[in-house]
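Residue numbers (this note's numbering), protein chains in the order written: chain A, 1 to 428; chain B, 1001 to 1495.
Because the hints were derived from the structure by calculation, they are not lab data. Keep in mind it's a predicted model, so treat the numbers as computed, not measured. A virtual CB, placed ideally from N, CA and C, is assigned to each residue, including glycine. Do not rely on the hints blindly, as some may be mistaken.
As the list claims (entries may be wrong) - One-sided excerpt, in silico: chain B residues whose CB lies under 8 angstroms from chain A:
{"no.": "1", "residue": "Asn1144"}
{"no.": "2", "residue": "Asp1250"}
{"no.": "3", "residue": "Lys1251"}
{"no.": "4", "residue": "Asp1255"}
{"no.": "5", "residue": "Trp1261"}
{"no.": "6", "residue": "Ala1326"}
{"no.": "7", "residue": "Arg1382"}
{"no.": "8", "residue": "Ser1490"}
{"no.": "9", "residue": "Glu1494"}
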Amino acid sequence: MEATMTQKYFYAIKGVVAALIIIPVLCMISPLYGIAEEIRYPVPCYEGKNLKKVRAWEKTWAGKKIDHTNVDGVKEYMPDSWYEVHKNADVWGKNSFTIVPYKQIKIAPSQVEWTLKQAGKTYIDDNDYLQNQVAGTAFTKPTTGIEVMYNFDTKPTIDERQQLMDDMYLYDHRRKSARKFGADVHVLKMAERSAIAPMPELPTNPRGLLQGSLVFYIAPPELKGTIMLDNQYKDRSREWDGWMWIAALRRVRRQDTTQRQDHRFGMDFCSDDQNGWFGRVARNKYKLLRRHDILMGRHNIPQDIYFEKGTFLWQGTTRERINTYVVETVSKDPQYLYSKMIFWIDPETWFILYSDKYDRQGRLWKINSYCLASYTSKDGIQYSEKCTNLHADIQRKHATLARGLDKDLTGVYDITHYTPAELNRIGE
Amino acid sequence: MKKIFIKPFLLILAVLTCILFTGTGSDAFMKPFDLFGRDLEIKGSLQHSLDVRTHRDVRDIQFSSYRTTLRVEAKYQLIKNNKFKISLYSLGHYYHDFAGSIDDHQRDAIRNEDAGSHALKNFRRTNEGEEMLKELYLDIRWGNWKVRMGKQIVSWGETAFFQVGDVINPLDVTNLKVWPDFDDLKVGLWMLRVFYVPPDWWQNISLELLFIFPDFETTRLPQGGTGLFFGGNPMPNNAFGKLLHHMEHDKPGNDWNNAEWGIRIRGITCDTDWNLFYFRSRIDDGLVNGSRGASQMLNAILGVPITDRIYRFPHYHIAGFSFSRAVAPIRSVIRGEIALNFKDFQYGSGPTASGIRTRKLLITALTIDRKIFIPWLTPWNRMRYLGASITWYHYALLGHKHDKGTGAYVIWDKTNRDSSKDTLSMMFDYGFYWDYILPTFQFAYDFNGTTTLAYILKYAPGDHWRFQVSYQQKNEQGRTAHMQDQMMFSIQYEF
Chain A
1 MEATMTQKYF YAIKGVVAAL IIIPVLCMIS PLYGIAEEIR YPVPCYEGKN
51 LKKVRAWEKT WAGKKIDHTN VDGVKEYMPD SWYEVHKNAD VWGKNSFTIV
101 PYKQIKIAPS QVEWTLKQAG KTYIDDNDYL QNQVAGTAFT KPTTGIEVMY
151 NFDTKPTIDE RQQLMDDMYL YDHRRKSARK FGADVHVLKM AERSAIAPMP
201 ELPTNPRGLL QGSLVFYIAP PELKGTIMLD NQYKDRSREW DGWMWIAALR
251 RVRRQDTTQR QDHRFGMDFC SDDQNGWFGR VARNKYKLLR RHDILMGRHN
301 IPQDIYFEKG TFLWQGTTRE RINTYVVETV SKDPQYLYSK MIFWIDPETW
351 FILYSDKYDR QGRLWKINSY CLASYTSKDG IQYSEKCTNL HADIQRKHAT
401 LARGLDKDLT GVYDITHYTP AELNRIGE
Chain B
1001 MKKIFIKPFL LILAVLTCIL FTGTGSDAFM KPFDLFGRDL EIKGSLQHSL
1051 DVRTHRDVRD IQFSSYRTTL RVEAKYQLIK NNKFKISLYS LGHYYHDFAG
1101 SIDDHQRDAI RNEDAGSHAL KNFRRTNEGE EMLKELYLDI RWGNWKVRMG
1151 KQIVSWGETA FFQVGDVINP LDVTNLKVWP DFDDLKVGLW MLRVFYVPPD
1201 WWQNISLELL FIFPDFETTR LPQGGTGLFF GGNPMPNNAF GKLLHHMEHD
1251 KPGNDWNNAE WGIRIRGITC DTDWNLFYFR SRIDDGLVNG SRGASQMLNA
1301 ILGVPITDRI YRFPHYHIAG FSFSRAVAPI RSVIRGEIAL NFKDFQYGSG
1351 PTASGIRTRK LLITALTIDR KIFIPWLTPW NRMRYLGASI TWYHYALLGH
1401 KHDKGTGAYV IWDKTNRDSS KDTLSMMFDY GFYWDYILPT FQFAYDFNGT
1451 TTLAYILKYA PGDHWRFQVS YQQKNEQGRT AHMQDQMMFS IQYEF
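Isolated chain B, as found in the complex (with noise of 0.2 angstroms):
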């Protein structure tokens, strides 16, 4: 115990001091780094956060994250004339997590659920060295052309909260909470990107070309006995490692079959501007493989030695319009975008369904923007108006069938079988004393199943420190989605 925590100790202390030797208040800290006259910017952050269950389910877990994260960018102007523009750009993320040393029954969940120390070593920090790599690229720009290539996080579509249109890169859930920063959520791919921006073109339309190397990588998925699996049963046996390290194992290998590439046009008609998108990819967290897959996956729960594949990641297409607009008479903005996803899902019943049947889901969103006048409030704070954002998410799947014989249904969304689903989200964001205080408020209400709920109060007093506390709130009649109830607290230092 004492060896675990004299190294974190130690590093948290080195950096501290690293930060009050350069001087917090001092001009040269005020702004991010420039170096060599400006053609290389640095900018990043520290961060420190606890997150503290407000229920405990039978694992008795009560810290089940305590993190220091360091994230870094940085981007160096290689060459700019009147012709070239080239540049380098690069995101690094590291962090170490000492909730297995602060709360032992965290550690035991995460070594009995998942492959021992092996998975505890993973929780606490990302040991892949790409993994700390988020981005790296190189952007060359000449004329109407601009290219863009290297390890990449892309966003397409309008909606930020949940996924419509905007799936290039998959996604880092291991240590999610609601409404994530989005750096920390999508793992980078590399991918070649050429943008042709014509100055003349009818309707201001550009293109954009995504080509992503056969380099697949799955959804990363959290390991067992932590945050996203409180209120579940713990699996037997290690059962979840094993079945987490089959998804890495039974991903495809990297040919040429499996580059993925995606087409964007861009416009604006009408003071509208709109986007047409098509991207060719496969499922990033897989399907269970059939029957022989379903059996393995229970040769795994019941400890008995997997034989075969688990998983398999079947090819889909997704093509979506998305649009946004002022629309001055009702002072909003008004986003849209539809998507329309050619994919696989599982067939059967139960969470080991052995069938997969390719259906389209149609996924609609539309948003309204708004800067709300609150009086009495808005006048005496300095007309600061309140930010507001509503989403209306429907998702239908087409060709739905449910066998009344053998009561097998499609399963999508892991547990829905119903053929639509809607969901409102919305967030509320203010600022108090210029912006010092900022509470916001974020809510997502599923028509067929979870409320979800944040509350967060940060306090930014200075140049570079944030101070946050935020709430995160499920309900679920009947389940126990309130187990992922939690109190989380972040000290970050900006610079």
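Chain A with its partners taken away, still in its complex shape (with noise of 0.2 angstroms):
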């Protein structure tokens, strides 16, 4: 029978009042469920017409070698410290690099299965400690300071690792002057593994390790024998512990926090230095500033870097035009050496790729800048890996520059390596 006209109107009234019920709860109900928001892992720096417009600026820049000359045409895509040491050649001699087109950075596909298992379970607790972290990179889309830093603290990098870095200088720029350095570091991740098996943590694992670092000097020749080991903890919460084997004294000697801070050997960073922050996240407060497309190295070959006397970086390095995380950071302790740290943070490897460090008094002190390599293990998993550190301190014009070339250790690995009764071991 055909409804009558005050029925269709019922009908249609009836229709507007359910819909108008059910999409609000929907809505409500829709992000415990992962219905409106999509989780995405990898997200590449550029895509779409962010993507158009990268390269339509490649056009004009990419292939080019940036000196002196013509640095100001890049300027608004470099650190205001990173531009003055190549734009100032008189002070900081004839410092270059060449532009390549932006190429995302591939990750391993067991990275990132294991971040998006986890997606949406990790979180960060009042006292600042991550939690619920299992493998993989914590924060598929951060917002704030210390989720980038997180991201940092957790990224996806090969898990047993060997790196030699027997091109080390420190470099007196003023007197045009290096020492020789050397090193060989050895990692081995035993929890949160995301590229290698056993995954997510190594069979045994008694003292709750995270990671486990040796650091053995190789030159020059006084320093030969001397190793450093730092072990990180699963518990965020937990101070890390480091140790040094002085070859002089035959000793294994416990290093503290404030030891963290000692400029050692002569170089120009400190502990806390390496990779850009060296230490638990938890240390310092964060504020994320903005993003900032800058020109950075991740797709270098080791090999065509070198160093030469009189330029004060590393030379020979490509970069190319990422979308960085600007993060502003302040230690919580008072007295740290530093009274502020910007880092820029690569969203797609999450190293800090360059950071501005500054004294108490509020000036300028260091820059550090890492360019990355890419690397593929014997396992076939694809990784990138800083392959040059610069630790440069621009008030005395002097630089620590490492260059390193990583080594496949995949399977060889032995957790008794990072205690300290094996670090005497080794060391007698």
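Two chains, two frames, some hints: make the complex.
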């Protein structure tokens, strides 16, 4: 029987009322079921319109060697301090780099899988400690400075690594003289592993270690034999432990947190400066300042990079435009050696690729710059890792430069290597 | 004189030529030798040092040491795979001391107070092949087991400047300076060490067993008429040489009864590294063998022939515990060590005390290590902190008895009669201009006696050359300890 007009109106009104009830309810419950918000990882620096803009810009600049004569053209894509050391050739020498097209960094499928598995479950507690982290990058879409820093802390890198840094200089730019150093770095992740089996944790890890690192100094001769050991813990509230084998005393010496701020062996960096920041994330307060398109090195060939006296930086590097997170960092320790640090963090690899560090008087003291290279492990895992480090004292014009090559250490891990007892035994 | 001069002169010239020829600034020499794809690593140093006395006693010696020392370390990786790792390691040490050639008084003092020309030859250089070889061992790693066999120098315990638990190797004090290089100070011993380091034991415990083959080595004492004896009266009749010779002659033979062994357990508990250890050994520097030994000692001094044993080397045990912990509230590392020695000591009066008594010597040491922020200086010097290490040592001789009737007492630590003594040692080190300039100050205060100070200034301009000048000072009221004061100059090339 055909509905009357009144009935039709009634059904229409019922439909509208139902929609007005159901839609808001759906909106309320949909986040719980991930319906409305799509979780994506990895997220490239550029896509869509932004990528087109970058490609258009690269038509002019990709392939160009940037030095003091043309650096003004890319000034907006460089931190101010980085621009200064390239622009003022009279002071800093003729430094240069080559621009290459942006290329998204590939993350290992297992790392993507672990990140997505825990997405939405990790959080930061009231004491600034990361909770519920199992493996993978902590936050797929960080919105605060501390979330970006925990992504740095949980960045997708290889779980077992050896890097031979036999091209390392302490460079005095005023006297144009360099002293040579060398180090062999071994790193093993015991927990939060996402690239190499066993995942996410080694079968025996009684001390609850997150990561162990050993630095064997191989040059100069009097430093050869000195070994530094660092232990980081899964419990992020726990302070890191450090030991040093001192060959002259034939003893292991424990390091305390103050010693992490000491500039040892005449270098321009302390323990905390490694990787941009090498300490517990919760030691600092963070503020996400902005996103910043800058030129940074991510697809370098280490063998092409070289050091030349008279210049202040590594030469032969390539840099591409990436859309970094800029995080301002202030230590919770009022007596900390830096009043402020600013980090430029790569949103794909989560490495700190550049940082400015300020002294207690608020003056720019140091710049740190890292270039990445792409490696493939013998198991076919692609990963990115630093191939050059630069720690430069801008005030005194002195720099520590290091270039390293990753060697494949996969499958030969030995957790007992990363204990003070073994440090004593190796050192002797 | 000319003949003596030519040989060392040519030696120095040859070595310097090699260094200059290969190029001190070239990349090839920038790092230690790595051969066979880094399987063979060699490093070492060539050092030329001069000790100049600032006070002279009756011997009137100005230059007590003028030495060229070559140290070479080598490590060869024999096998390295997922299951095994075997490497061979060696440390060699050779020196030639020209002090007798440039200072006639030094030469005469050695000849007169020790065993004549033979002693002078020993002073100039080590003549024993095995003395030149400090370490030579095979290191084998297999799973959780690690074995090290061969001639080794071992470091147990936490303290570095005075021995508490670090008593495995005898000492070589022939050219003792204040706070010497530890590689030079210890005598290697042939031993077997077995380590068991499982990854999953409770408190991260690991074990070390140490077995020293029956190859007893004594403390290496200096020749008579040399540095350590300055301030004391010269011994007549080459007496000291005879006593030194007898120390070698009287030492225990190489039989299994003279094997030494020890065990060490290490762990980490509540963020504290700890060690428990036990070592059974013999006294390295000998005790006078009772009244018979004492009378033979007198014979030596009077120039009468020695007909019987002078020294004995009794067994003793030592057990101890050490720990190390970072203490965040005081931004320091605290290290502690306690060792109980069950040892024999001389009993009687005077230096030729005839009796031997067994006593327990308890040594405790507490150290605080700290990096100190110096206002103005630390910020100006690129946040270079002052390194400081302060240790309090307490020695207590348990069951100590002083016989009021006879006046006899137990002598320990060579002269001490008190039941306890305390020593405070400090070390401060710093670095200027990116560690090109490295001053160090070391200080030891014995509450019962001597104060020892060392001021050291090191200049490290490049990768290889090291220049150092230091001043050693000893103060002891009413005594002649200041005769130990000296300036020391050193040029060292590291390769």
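A quick look at each hint next to the structure:
Given hint, Asn1144(B) at the interface with chain A, holds; its Cβ is 7 angstroms from that chain's nearest Cβ, closer than 8 angstroms. Of the supplied interface hints, the one on Asp1250(B) is violated, with its beta-carbon coming no nearer than about 30 angstroms to a beta-carbon of chain A, more than 8 angstroms. Interface restraint check: Lys1251(B) against chain A, minimum CB-CB distance 26 angstroms, threshold 8 angstroms, status violated. Here the hint on Asp1255(B) is broken, as its CB sits about 28 angstroms from the closest CB of chain A, past 8 angstroms.
Interface hint status for Trp1261(B): violated, as the beta-carbon distance to the closest one in chain A is roughly 18 angstroms, over 8 angstroms. Interface restraint check: Ala1326(B) against chain A, minimum CB-CB distance 4 angstroms, threshold 8 angstroms, status holds. Because the smallest distance between the Cβ of Arg1382(B) and any Cβ of chain A comes to about 6 angstroms, under 8 angstroms, the interface hint for this residue holds. For Ser1490(B), the interface hint is violated, the least distance from its beta-carbon to any beta-carbon of chain A being 13 angstroms, above 8 angstroms.
A distance limit of 8 angstroms between C-beta atoms decides the matter here; for Glu1494(B) the minimum to chain A is near 4 angstroms, and the interface restraint holds.
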